[in-house]
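*Asks:* Listed below, chain by chain, are the residues.
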Amino acid sequence: MITVKLEPDGKVIEMSDTRSVHAVLNKLQLRSTMAIVVRDGELLTPDRMLKNGDALMVRKVTSAG
Amino acid sequence: MKCIRCKAPAHVALPSHHSGFCKDCYPLFFTKQVETAIRREKMFTFDDRVLVALSGGKDSLALMLELHLQGYDVTGLHIDLGIPDSSEKARKKVENFCDLHGLTLEVFEMAKWGLPIPDVKAHVKRPVCAVCGKMKRHHFNRIAVEGGFDVLATGHNLDDEVARLFANTLRWDTAYLSDQGPVLPAAEGFVRKVKPLFRLSEFETANYAFMKGIEIHSDPCPYASGASFTGHKELWGELEHRSPGQKFQFYQSFLKTGKPAFAAMEKETGATLAPCAECGSPTSAETCSVCRIKAAVRESKAKDAG
Ligand SMILES: [Zn+2]
Ligand SMILES: [Zn+2]
Numbered sequence: 001m002i003t004v005k006l007e008p009d010g011k012v013i014e015m016s017d018t019r020s021v022h023a024v025l026n027k028l029q030l031r032s033t034m035a036i037v038v039r040d041g042e043l044l045t046p047d048r049m050l051k052n053g054d055a056l057m058v059r060k061v062t063s064a065g
Numbered sequence: 001m002k003c004i005r006c007k008a009p010a011h012v013a014l015p016s017h018h019s020g021f022c023k024d025c026y027p028l029f030f031t032k033q034v035e036t037a038i039r040r041e042k043m044f045t046f047d048d049r050v051l052v053a054l055s056g057g058k059d060s061l062a063l064m065l066e067l068h069l070q071g072y073d074v075t076g077l078h079i080d081l082g083i084p085d086s087s088e089k090a091r092k093k094v095e096n097f098c099d100l101h102g103l104t105l106e107v108f109e110m111a112k113w114g115l116p117i118p119d120v121k122a123h124v125k126r127p128v129c130a131v132c133g134k135m136k137r138h139h140f141n142r143i144a145v146e147g148g149f150d151v152l153a154t155g156h157n158l159d160d161e162v163a164r165l166f167a168n169t170l171r172w173d174t175a176y177l178s179d180q181g182p183v184l185p186a187a188e189g190f191v192r193k194v195k196p197l198f199r200l201s202e203f204e205t206a207n208y209a210f211m212k213g214i215e216i217h218s219d220p221c222p223y224a225s226g227a228s229f230t231g232h233k234e235l236w237g238e239l240e241h242r243s244p245g246q247k248f249q250f251y252q253s254f255l256k257t258g259k260p261a262f263a264a265m266e267k268e269t270g271a272t273l274a275p276c277a278e279c280g281s282p283t284s285a286e287t288c289s290v291c292r293i294k295a296a297v298r299e300s301k302a303k304d305a306g
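Chains as they are written, first to last, in this note's numbering: chain A, 1 to 65; chain B, 1 to 306.
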């Protein structure tokens, strides 16, 4: 299970059978340059693999205006 | 993925540059893009005094920090719009940021000037965002001119520029298409305006802001409908995904090919400017639109009171 905290809304989602950052973005219907993905304070590229129990922060980058 | 410079594991992947960077090398990439923008577009030099418009969002703060780190003479200017709750938060964020990095900051308060934005919303029938934007530009320019600054810098990034250009193109708005760009030269009563982040996407700025510890989450303005350009940005996000680099190319080609043609067309019809009778800012009318709005709000308020 991977826990994903979505920013800026603060929603938390749990995902199973999700092995890579790319897969997380796909499930969220986000392109790789539309959000930054952080694990333990570090940015991750889409090809990075995930392990069970990982907690991610996914933050959309589009600012209003 | 490995860093293209040092082969360490990459932290940022940039499809449009066919590359990835680690956390040590990414800021170097960012710095290079800003340096290139400033140099190629002749934005300013180390002798110039630069006023940076700080909204509190990631882009303007990232810009301020980067210019400071590059050694430019920068002063921040924040406009406190006087919107309950929202404005205090934005102002606090800007103040804390400038304190932390030892940066000079000026704050201009719309309420003290006599026109907090909630009054605009209550007494002006036009969309509040358009009027607010006009007010901000007016004061940014006025304060830059009065303070003897050589140039006003804003944090607009490539996505902002492309979304605006796209909107102007959809309307074939010749006036805007004739002078949109990363540099707006100084003119009678107007300071030069520059956008040093125009080569960088929102994603690229967001990564930099995160690495530099700039808290990138910022609350949207409570008055904004949220619609402004967001749809265009999403469309362009898809185009960019299908063919990385498209966004920058669209903008660059406009600057090279489109803009000069529109500028030539506009040249014939340009209005002559004279100082506003009230505030002295350049305007094509007797009194500038900002002073007219201020007067209209004053009258509307008086009517409500009496
Ligand atoms: Zn590196
Ligand atoms: Zn005026």
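Because the hints were derived from the structure by calculation, they are not lab data.
You may find that some hints are simply not true.
Claimed, not checked - Taking lysine-lysine pairs in the DSSO-like style, the calculated list, with each CA pair at most 30 Å apart, reads:
1) A:Lys60 - B:Lys136
2) B:Lys134 - A:Lys60
3) B:Lys89 - A:Lys51
4) A:Lys11 - B:Lys32
5) A:Lys60 - B:Lys233
6) B:Lys233 - B:Lys32
7) A:Lys51 - B:Lys2
Predicted model, so just to flag it, every value in this text is computed and none were measured.
*Asks:* So, for every hint listed, does it hold in this structure?
*Replies:* The hints, checked one at a time:
1. Using a Cα cut-off of 30 Å, the hinted pair A:Lys60 and B:Lys136 holds, with the two alpha carbons roughly 26 Å apart.
2. Taking the CA atoms of B:Lys134 and A:Lys60, the gap is about 28 Å. The hint holds against a cut of 30 Å.
3. Our distance criterion of 30 Å between C-alpha atoms is broken by B:Lys89 and A:Lys51, whose separation comes to about 37 Å.
4. Using a Cα cut-off of 30 Å, the hinted pair A:Lys11 and B:Lys32 is violated, with the two alpha carbons roughly 36 Å apart.
5. With a C-alpha separation of about 12 Å, the suggested pairing of A:Lys60 with B:Lys233 holds against the 30 Å cut-off.
6. Between B:Lys233 and B:Lys32 the alpha-carbon distance is near 25 Å, which keeps this suggested pair within the 30 Å criterion.
7. Between A:Lys51 and B:Lys2 the alpha-carbon distance is near 20 Å, which keeps this suggested pair within the 30 Å criterion.
Of the hints listed earlier, those the structure fails to meet are numbers 3, 4, in rising order.
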